[in-house]
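These protein sequences, in sequence, are chains A and B.
Under this note's numbering, the residues of the first sequence are numbered 207 to 424, in order.
Under this note's numbering, the residues of the second sequence are numbered 1446 to 1515, in order.
Hint data in this document are derived by calculation from the structure and do not stem from the laboratory.
Just so you know, not all the hints are guaranteed correct.
Just the calculated beta-carbon pair ranges, DEER-fashion [stated by the list, open to error]:
(1) A:Val316 <-> B:Arg1472: 36 to 42 Å
(2) A:Arg295 <-> B:Arg1467: 22 to 28 Å
(3) B:Ser1486 <-> A:Ile264: 27 to 33 Å
For lysine to any residue, the following SDA-like pairs were computed, each having C-alpha atoms within a straight-line distance of at most 20 Å [said to hold, decoys possible]:
(4) A:Lys281 <-> B:Arg1467
(5) A:Lys273 <-> B:Asp1466
(6) A:Lys291 <-> B:Gln1461
(7) A:Lys281 <-> B:Leu1489
(8) A:Lys274 <-> B:Leu1489
(9) A:Lys273 <-> A:Tyr213
(10) A:Lys291 <-> B:Leu1488
(11) A:Lys291 <-> B:Arg1467
(12) A:Lys281 <-> A:Gln212
(13) A:Lys216 <-> B:Phe1469
(14) A:Lys291 <-> B:Glu1463
(15) A:Lys291 <-> B:Leu1487
(16) B:Lys1447 <-> A:Lys273
(17) A:Lys291 <-> B:Gln1473
(18) A:Lys291 <-> B:Arg1482
(19) A:Lys281 <-> B:Trp1459
(20) A:Lys281 <-> B:Glu1502
(21) A:Lys291 <-> B:Asn1484
(22) A:Lys291 <-> B:Ile1476
(23) A:Lys281 <-> B:Arg1492
(24) A:Lys291 <-> B:Arg1492
(25) A:Lys281 <-> B:Arg1472
(26) A:Lys291 <-> B:Ala1465
(27) A:Lys291 <-> B:Ala1490
(28) A:Lys281 <-> B:Gln1461
(29) A:Lys273 <-> B:Phe1469
(30) A:Lys281 <-> B:Gln1473
(31) A:Lys291 <-> B:Phe1491
(32) A:Lys291 <-> B:Ser1477
(33) A:Lys281 <-> B:Lys1447
(34) A:Lys281 <-> B:Gln1462
(35) A:Lys239 <-> B:Glu1502
(36) A:Lys291 <-> B:Glu1502
(37) B:Lys1447 <-> B:Glu1502
(38) A:Lys291 <-> B:Asp1466
Small disclaimer: the values here were computed from a predicted structure and weren't measured.
Ideal Cβ placement from N, Cα and C applies to all residues, glycine included.
Listed here are the chains, written in short residue letters.
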Amino acid sequence: MKNSPQYLRKKQMNGTLALGAGVTLFAVSLFLKNSLIAESYLKLLQGIGVFLIFGGAIMLIQAYVFKKNPASGRKEMVDELDERKTWIRYRSGNNAFLCRITSTYITMLVVGRTQTSINPDVAWWVSSYSPLLCTSSAWSFTKTGAEDLTRATLNCSFLKAVNSTNKKGASLTRLFDYQESCRRVANSTDKPAPSSSSQSTLPYACARNCARHPRPDR
Amino acid sequence: MKNRLDELRSLNGWTQQELADRLFVSRQTIISLEQGRYNPSLLLAFRISRLFGLPIEDVFINEENEDYEK
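With the sequences and hints as input, model every part of the structure.
Pasting the structure below:
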């Protein structure tokens, strides 16, 4: 996007869309106020509506200012689209993501080790700051879910899990698959030990690690 | 990765801000490029070489290749 008019048009369009969507959501929430829909859902709608209204209004004001003063508009455009600044933003976002994953993992370790349930407020904050757990918060912060997952991870050694998933191509899905299989093995230690052939079907040498570090008795 | 951005800019008599304006990047990016602290994207590298009317290899010098040739 090399020219300011194109940038300006995009800004105007985005602002108008956000403002329109925000007003619509807010109006819908007011319209449904006396219906049977739970108030919390209506407040959620109102909140999103207000957020979009403010966002859209800011974009439209920016577009208006750029229109009045093209030089400042061009400077703003260059600042926003500058590739080095974009790269710095991506990098800092990536670092923040890694920090959040680490903090979440440490929290899970603490929960698993102390065998106590986590305060829902703490869980909410941790999960909201962690994109990783936002996707799996439905099960990871229930008491048993967090304990089982953490214990299974501890039994199978997190580093080994990461190493083995890295060898196969690092991905969180693989890591979770690995942890899930570890958890299954850890749960099955109460039952008679499975044969070696069934263990070998588990992914990424998990069965071997779990057998070496059996789950402690509750 | 070395580059001749500073030299070529001086030859054309442009300031860092003028060059930044021509390339649609910020002045900080030009400073970082000249000091070799930042390697440009392929798109920006092509834009720079086109602006100076030179092949991309004449503007950017890959040190690894130089070592290899030696």
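Consistency of the hints with the structure:
The hinted window of 36 to 42 Å between valine 316 of chain A and arginine 1472 of chain B is violated, with their beta carbons roughly 47 Å apart. A beta carbon spacing of about 24 Å between arginine 295 of chain A and arginine 1467 of chain B agrees with the range 22 to 28 Å that was offered as a hint. The hinted window of 27 to 33 Å between serine 1486 of chain B and isoleucine 264 of chain A holds, with their beta carbons roughly 29 Å apart. Taken as a hint, the lysine 281 of chain A and arginine 1467 of chain B pair is honoured in the structure, with Cα atoms around 12 Å apart against an allowance of 20 Å.
For the given pair, lysine 273 of chain A sits about 19 Å from aspartate 1466 of chain B by alpha-carbon distance, which is consistent with the 20 Å threshold. Between lysine 291 of chain A and glutamine 1461 of chain B the alpha-carbon distance is near 17 Å, which keeps this suggested pair within the 20 Å criterion. For the hint pairing lysine 281 of chain A with leucine 1489 of chain B, the CA-to-CA distance comes to about 18 Å; that is within 20 Å, so the pair holds. A C-alpha spacing of about 29 Å is found between lysine 274 of chain A and leucine 1489 of chain B, which places the hinted pair above 20 Å, so the restraint is violated.
Using a Cα cut-off of 20 Å, the hinted pair lysine 273 of chain A and tyrosine 213 of chain A holds, with the two alpha carbons roughly 11 Å apart. Between lysine 291 of chain A and leucine 1488 of chain B, the direct Cα distance comes to roughly 15 Å. Compliance with the 20 Å bound is thereby established for this hinted pair. Only pairs whose Cα atoms come within 20 Å are accepted, and lysine 291 of chain A paired with arginine 1467 of chain B is accepted, the gap being roughly 17 Å. For the hint linking lysine 281 of chain A to glutamine 212 of chain A, the alpha-carbon distance of about 14 Å falls within 20 Å, and the restraint holds.
Simply put, lysine 216 of chain A and phenylalanine 1469 of chain B have alpha-carbon atoms about 18 Å apart, close enough for the 20 Å limit, and the pair holds. For the hint linking lysine 291 of chain A to glutamate 1463 of chain B, the alpha-carbon distance of about 19 Å falls within 20 Å, and the restraint holds. At most 20 Å may separate the alpha-carbon atoms for a hinted pair to count; lysine 291 of chain A and leucine 1487 of chain B meet this at roughly 16 Å. This hinted pair does not check out: lysine 1447 of chain B and lysine 273 of chain A have alpha carbons roughly 40 Å apart, beyond 20 Å.
Of the pairs offered as hints, the one joining lysine 291 of chain A and glutamine 1473 of chain B holds, with about 9 Å between alpha carbons and a cut-off of 20 Å not exceeded. This hinted pair checks out: lysine 291 of chain A and arginine 1482 of chain B have alpha carbons roughly 13 Å apart, not beyond 20 Å. Proximity of lysine 281 of chain A to tryptophan 1459 of chain B is assessed by CA-CA distance (about 18 Å); at most 20 Å being required, the pair is judged to hold. Proposed proximity of lysine 281 of chain A and glutamate 1502 of chain B is contradicted: the alpha carbons are some 30 Å apart, above 20 Å.
For the hint pairing lysine 291 of chain A with asparagine 1484 of chain B, the CA-to-CA distance comes to about 13 Å; that is within 20 Å, so the pair holds. With a C-alpha separation of about 13 Å, the suggested pairing of lysine 291 of chain A with isoleucine 1476 of chain B holds against the 20 Å cut-off. With a C-alpha separation of about 19 Å, the suggested pair lysine 281 of chain A and arginine 1492 of chain B falls inside the 20 Å cut-off, and the hint holds. Of the supplied pair hints, the one linking lysine 291 of chain A and arginine 1492 of chain B holds, its CA atoms being roughly 18 Å apart against a limit of 20 Å.
Between lysine 281 of chain A and arginine 1472 of chain B, the direct Cα distance comes to roughly 11 Å. Compliance with the 20 Å bound is thereby established for this hinted pair. Between lysine 291 of chain A and alanine 1465 of chain B the CA atoms are separated by roughly 14 Å; this keeps the pair inside 20 Å, and the hint holds. Annotation: proposed proximity of lysine 291 of chain A to alanine 1490 of chain B holds, straight-line Cα distance about 16 Å (limit 20 Å). Our distance criterion of 20 Å between C-alpha atoms is met by lysine 281 of chain A and glutamine 1461 of chain B, whose separation comes to about 15 Å.
Simply put, lysine 273 of chain A and phenylalanine 1469 of chain B have alpha-carbon atoms about 19 Å apart, close enough for the 20 Å limit, and the pair holds. This hinted pair checks out: lysine 281 of chain A and glutamine 1473 of chain B have alpha carbons roughly 13 Å apart, not beyond 20 Å. Restraint check for lysine 291 of chain A and phenylalanine 1491 of chain B: satisfied, since their Cα atoms lie roughly 19 Å apart, inside the 20 Å limit. Between lysine 291 of chain A and serine 1477 of chain B the CA atoms are separated by roughly 11 Å; this keeps the pair inside 20 Å, and the hint holds.
Restraint check for lysine 281 of chain A and lysine 1447 of chain B: the C-alpha separation of about 28 Å exceeds 20 Å, so the hint is violated. Among the hinted pairs, lysine 281 of chain A with glutamine 1462 of chain B is consistent with the structure: their alpha-carbon atoms are about 11 Å apart, no more than 20 Å. Taken as a hint, the lysine 239 of chain A and glutamate 1502 of chain B pair is broken in the structure, with Cα atoms around 66 Å apart against an allowance of 20 Å. Between the alpha carbons of lysine 291 of chain A and glutamate 1502 of chain B the distance comes to roughly 25 Å, so the proposed pair goes past 20 Å and is violated.
For a cut-off of 20 Å, the pair hint linking lysine 1447 of chain B to glutamate 1502 of chain B stands: about 11 Å separates their Cα positions. Restraint check: the Cα-Cα separation between lysine 291 of chain A and aspartate 1466 of chain B comes to about 16 Å, which is no more than 20 Å; the hinted pair holds.
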